[in-house]
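Given these sequences and hints, build the entire structure.
In order, the protein sequences belong to chains A and B. If you count the first sequence from 1, position 19 lands on 19 in our numbering, and the numbers rise without skipping. If you count the second sequence from 1, position 57 lands on 1057 in our numbering, and the numbers rise without skipping.
Hints listed in this document are in silico derivations from the structure and should not be mistaken for laboratory results. All clues stand as given, with none of them false.
Capping the alpha-carbon separation at 25 Å, the derived lysine to any residue pairs in SDA-like fashion look like this: (1) A/K48 to A/Q89; (2) A/K100 to B/R1136; (3) A/K100 to B/A1154; (4) B/K1046 to A/W33; (5) A/K100 to B/V1145; (6) A/K30 to B/V1134; (7) B/K1046 to A/F24; (8) A/K78 to B/R1136; (9) B/K1046 to B/L1148; (10) A/K30 to B/L1133; (11) A/K30 to B/T1129; (12) A/K30 to B/K1046; (13) B/K1046 to A/L23; (14) A/K30 to B/I1151; (15) A/K30 to B/V1045.
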Amino acid sequence: MVKPSKWGKPSLGDVLVILFALLFVAYLFKSLWHNEQAAKLQIRLGDKIYATYSLDQNRNIDIQGSIGVTRIVIANGKARFASSPCPNQYCVHQGWLNHKGHAAICLPNQVSMELLGGKKPFDSLNY
Amino acid sequence: MTQPSKNKSIEIQTTSDDHRIAKLAAFAIGLHLLEAVLPSPLPGVKPGLANIITLFVLYRFDFATAAWVSLLRVFASSLLLGNFLSPTFALSLSGALLSLAALYFAQYLPRRYFSAVTLSLLAAFAHMTGQLLVVRGWLIPNAGVAYLIPIFMAAALVFGVANGLLTNYLLRINPVRLDEDKG
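Rendered as structure tokens:
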């Protein structure tokens, strides 16, 4: 047995809070660290969905945003902002995205892209 | 100084509260500086030892004193480290403000069931959240940071619990208020 120490016994509430915190962190890992490949690219212009494309193609998309033309490139199952008229170029520097749930935003030009997962598995089995 | 000064000396009236806050803030600043020279695997992942002082003060004194100590620590440390008003300072301040907000509510939890470990953990999570908000909103406004959130939060969990245990220990070995044992 351990001698009663100055550390005291952990109280019930503490243990529960720690457990909740562990669950929360585990949830964060699970939701933000999956490496599921994306299948589709959804582009938004302002608050509307501009278009959705399959990543299974090579293609350049030019979008007329509020301050100019943003070019998004799809190639080899990945997508990126290739050029944008925004001053800070955060969107372009973010580079290629290929995992489901990843997103890049060009705020000045109000263009954003988000990668979506594939269709439900049985679709590909049926066809 | 031996030179006679032409200036009249200015006396600032200080209360014992001021002295107490200054003394406790000095502890926190010391810990903060100590931590600043420790290498960190990722910017932003730090033990946050100064929060032990904040928690200790919250338990031994009151929330207002803890808030003073915490904010003085942020400002004074940034002046000493030379990053006042820099992004590092903004991260530190937003973290401190959010963790104080968390502590403000958490202090009313029943003490019987929730010790400093809970408060420390909540404060650590709030601190990380405050920092991440600044990072997302100002420093790196793209979604790339999302990838690091689990690591930051896991670090907050580990260090939050560790600091809470240390605070419990400090409270146990210091059953008397700091100002009272000096008479």
